[in-house]
Amino acid sequence: MGDEVNLPLFRKKKTFWQIKELEGYLSKLNSQIPPDYEVTTMSLDHQALDEIIRPNWEYLHSLEQDFIFSWFMEYQTAQEKKKKLQKELEEINKEMADTQHNSESKIDELNGQLQMLSSEILNLKNELIQKNQLVEDLSSAIQDKQLSRKELQEKLEQRIQDMKKEMILQQKEFETSQMEIGKQFEKKVMELDEEKLLLNETIEKNKEQISKLEKENMELKKKHHLLTNFREKIIKLQSIISEIPPELLTREDG
Amino acid sequence: MSNQSLWKIKELENYERKFESELPPYYDFEQVSGTHQEIEATILEYWEYLHPVIQDFVTSWFHSWTQVKKDIENLENEKEQRLSMLQNYKDNSKTKIQNLESKINIKQSESNILKQKLQQKEEKIKELEEIDGENRLGITELRAELEKQLAELNLKLAEMQKKFEETQSQVTRAFENRIMLFESEVTSLKDQIAKQEEKILQLQTENTQLKTQTNKLKIFEEKIAEIMDLITTISFKEPE
Chain A
31 MGDEVNLPLF
41 RKKKTFWQIK
51 ELEGYLSKLN
61 SQIPPDYEVT
71 TMSLDHQALD
81 EIIRPNWEYL
91 HSLEQDFIFS
101 WFMEYQTAQE
111 KKKKLQKELE
121 EINKEMADTQ
131 HNSESKIDEL
141 NGQLQMLSSE
151 ILNLKNELIQ
161 KNQLVEDLSS
171 AIQDKQLSRK
181 ELQEKLEQRI
191 QDMKKEMILQ
201 QKEFETSQME
211 IGKQFEKKVM
221 ELDEEKLLLN
231 ETIEKNKEQI
241 SKLEKENMEL
251 KKKHHLLTNF
261 REKIIKLQSI
271 ISEIPPELLT
281 REDG
Chain B
379 MSNQSLWKIK
389 ELENYERKFE
399 SELPPYYDFE
409 QVSGTHQEIE
419 ATILEYWEYL
429 HPVIQDFVTS
439 WFHSWTQVKK
449 DIENLENEKE
459 QRLSMLQNYK
469 DNSKTKIQNL
479 ESKINIKQSE
489 SNILKQKLQQ
499 KEEKIKELEE
509 IDGENRLGIT
519 ELRAELEKQL
529 AELNLKLAEM
539 QKKFEETQSQ
549 VTRAFENRIM
559 LFESEVTSLK
569 DQIAKQEEKI
579 LQLQTENTQL
589 KTQTNKLKIF
599 EEKIAEIMDL
609 ITTISFKEPE
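Chain order of the listed sequences is A and B. Mind the numbering: the first sequence is residues 31 to 284 in the working numbering, read in order. Mind the numbering: the second sequence is residues 379 to 618 in the working numbering, read in order.
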C-alpha cells in the first residue's frame, strides 16, 4: 500500500498508485504525452475538462493515461472512417451525376433517331398512299378511254387537297396526344412523388422504432450484464462464506 | 513516473461533475480495438477509484466517440441508399436504352418495307407509262406533278413534325428523367424499408430473449439482499 491520502470522507478511496494489482502496469500506448488534437472542435465541456487534465497529465497513472489516450485513438479512428465515408459518398454522388448525364445524352440521341425514323415513316406512308391512288387512277383511266387528261389532273389535285386536310387533322391529333402524354407523365410523377413521401414517412417511423428498440436493447444488456456480475459475485461470496470455519462465526438473532 | 494524484490537487477538491459519470460508459465492446478492450477490462474494475475529473473526461470522450459513430451509421445508411439508387438508375437506364434501340430496329424495318413498297409502285407507274404509249393521259407529267406536290407536302410535314417533336422531346425528356430518378429512388427506399424491417424483427427477438434471461437472473438481485442481511447478523470470533 502506498501513502494514505488525506481526503474528504466521501473521497476516502485508494488512488491508482495505491492499488497493488496496478503496480507493475506497463503502458500499452505511447501515452506519456497527452493526445494532440484540435481541442476547439470538441464540446465546451470537453474543452474545459481537457484544460484541467492536460497540465496535470504527469500526475495520472499510466493506466489512466493509456485509457484516455486509447479513447482519443478510438475517436480518431472513428473520425478517419467518417471522413473516408464522406469521400466515398461524394464519389458516389459524382458517379450518379456522370451516369445521369451519360444516360440522358444516350437517351436523347436514341430519341432523336427514333423521331427521325417516325417522321420518315410518316412521309413514306403518305407517299405510298398517293402513289397507290395514282396507280389506281391511271389503271382505271387507261381502261376508261373516255377519261381525259384534264380530269385526271383534277382528280390528282383533289387527292392532294384531301391530303392537306388530313395533315391538319394529324396536327390536331399530335397536339392532343402531346397534351395526353404530358398529363400521363404528370400523373406518374405525382404518383411517384406521393409514394416517395409515404416511403420516407415509413422510414422515419422505422428509424424511431429502431432507435427505441436499440435503447431498450442497450438497457437490457446493461441490466443483464449487471445481473450476470451479481451472479458471479454471489458465487464468489458463497465460496468465501463456505470456507470460513463455522466455529469462527456467531449469529446475532433478531 | 510520479506517484502524485489528482486527488491531492487542492483546486480539484470541490470539482463538480459535468456528466453522470459515476458509472463507466456502457457500450458494445466489440466496436473498439483489442488494446482498448484490454485497457478497459483492467480499468473497469477500479472505476470507482478514478477521480471524477477523469471519469468525466473519459465519459466526454465516450460521448464524442458515440456522436461520430452515429454520424458514421448515418453516412453508411446514406451511402447504401445512394449506391442502391445508383444501381437502380443504371438498371432503369439500361432497360430504357434497350427499349429505345428495339423501337428503332422495328421502325428501321418498317421504313425499309415502305421503301420497298414504294419501289414496287414506282415500277408499276413505269409500266403504266409504257402502256399509255401515246401519252394521252400525260402520265410522266402527272407523276412529276405528284412528286413535286409530295415534296412540298413532305416539307410541310417535316416542319410540323419538327415543331411537334421539339415540344414533345422537351416535355418527354424533363418528365422521363424525373420519372427515372424517382423510380430509382423509390426502389432504393423500398430496399431500405425492407432492411429496417429486418432489423426491427431482429431487435424485437433479441429484446424478448434478453427480457426472459434478465427475469431469470433477477433471483440473484434478491439473493444479494439476502446475503447482505445475513452478513449484518453474523460476527467473527477471535480464534483461540
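FYI, nobody ran anything at the bench for these hints, they're computed from the structure. Beta carbons are placed, not taken as given, at the ideal position from N, Cα and C, and that holds for glycine. It is possible that part of the hints are untrue.
Chain B is faced by these chain A residues, among others (derived, beta-carbon under 7 Å) [claimed, not checked]: (1) LYS58; (2) SER100; (3) GLY212; (4) LYS213; (5) LYS226; (6) LEU227.
Verification of the supplied hints:
{"no.": "1", "hint": "LYS58", "result": "holds (6 Å)"}
{"no.": "2", "hint": "SER100", "result": "holds (5 Å)"}
{"no.": "3", "hint": "GLY212", "result": "holds (5 Å)"}
{"no.": "4", "hint": "LYS213", "result": "violated (10 Å)"}
{"no.": "5", "hint": "LYS226", "result": "holds (6 Å)"}
{"no.": "6", "hint": "LEU227", "result": "violated (10 Å)"}
Of the numbered hints given earlier, the model fails hints 4, 6; all others are met.
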